[in-house]
Amino acid sequence: MAERNWVKFEFPSDTRNVAFARTAVALFASQLDWTLDELEDIKVAVSEAVSNSIIHGYQLGAGIVRVEVEYEGSKLTIVVEDYGQGIPDVAQAQETGFTTIPEERMGLGFTFMHEYMDEVLVSSEVQKGTKVILIKEVPQRPEG
Amino acid sequence: MQCSFNTVGQALIAKLRGELDLHTSPQFKEEITKSFTTHPQIKYLIMDVKDLQFIDSSGLGVILGRYRELEERGGRLFFVEANPHIKRVLQMSGLQKISEFAGSTAEVLQRVEGGQL
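Line by line, the protein sequences give chains A and B. For what it's worth, my numbering labels the leading residue of the first sequence as 1, then goes sequentially. For what it's worth, my numbering labels the leading residue of the second sequence as 1001, then goes sequentially.
These are computed hints drawn from the structure, not numbers from a lab. Hints are not guaranteed to be accurate.
[Claimed, not checked] Here are the computed distance ranges between Cβ atoms for each label pair:
1. A:L121 x B:L1117: 40 to 48 Å
2. B:F1005 x A:A2: 50 to 58 Å
3. A:V7 x B:K1087: 28 to 36 Å
All C-beta atoms in this analysis are idealised placements derived from N, C-alpha and C, irrespective of residue type, glycine included.
Work out the full structure, taking the sequences as your base and the hints as a guide.
Here's what the structure looks like:
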């Protein structure tokens, strides 16, 4: 049977916690056989998901962000969830360059998540919150 | 995150150390905006990212904002000594298309001062 392990944590919607979240996830994920570049990719994806929760979910206000990380075999699954205002149009929000704050943001958060992870699943309900699931599998590496 | 600024003629050298994300980018934005306002002659922004360990879209957004200002001034944007990870993020963001990677600050300054830009 594939080896399984998981960790869950939650924190207030405070920008200081973005660095904590990405570092903690990368530290846990490093139990699998990633290259340093792949771990950096995971950090960027988590940073984007958590930043979205804080900026868009809670509009930089109070709230709770919840993170779950789990692996089974070589497959890593990261869930970033908030209970904020939600995304009215999930497909549009994931388009490159789409942003609700054009003077400040590049609209690249989801682009980076899609680029750096194998799979990104987003579910959201207005006034209820958003859940982003990031999946990445350790690539097969040549022996030796 | 620490940032320091140095002006040489029309060039502003911004040296970043640490991680540029949602938490640290407002401080960077405030300081670099101040440098742009204080030195209206600035046309070339040299981002020394040798000691920058992490950047995400929040940090890139601030740099893009300054690029738009440079563009209005007819200037250029440079990234110096980017590590492979930072390079990849810059490439993916499209910022690489509107900037140049350079090996050293001295090299860019030489081109600026030599009128090669």
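Tested hints:
1. A:L121 x B:L1117: 40 to 48 Å: holds (46 Å)
2. B:F1005 x A:A2: 50 to 58 Å: Taking Cβ atoms as reference, F1005 of chain B and A2 of chain A lie about 51 Å apart, which means the hint holds.
3. A:V7 x B:K1087: 28 to 36 Å: At 31 Å between Cβs, range holds.
Consistency note: the structure conflicts with none of the earlier hints.
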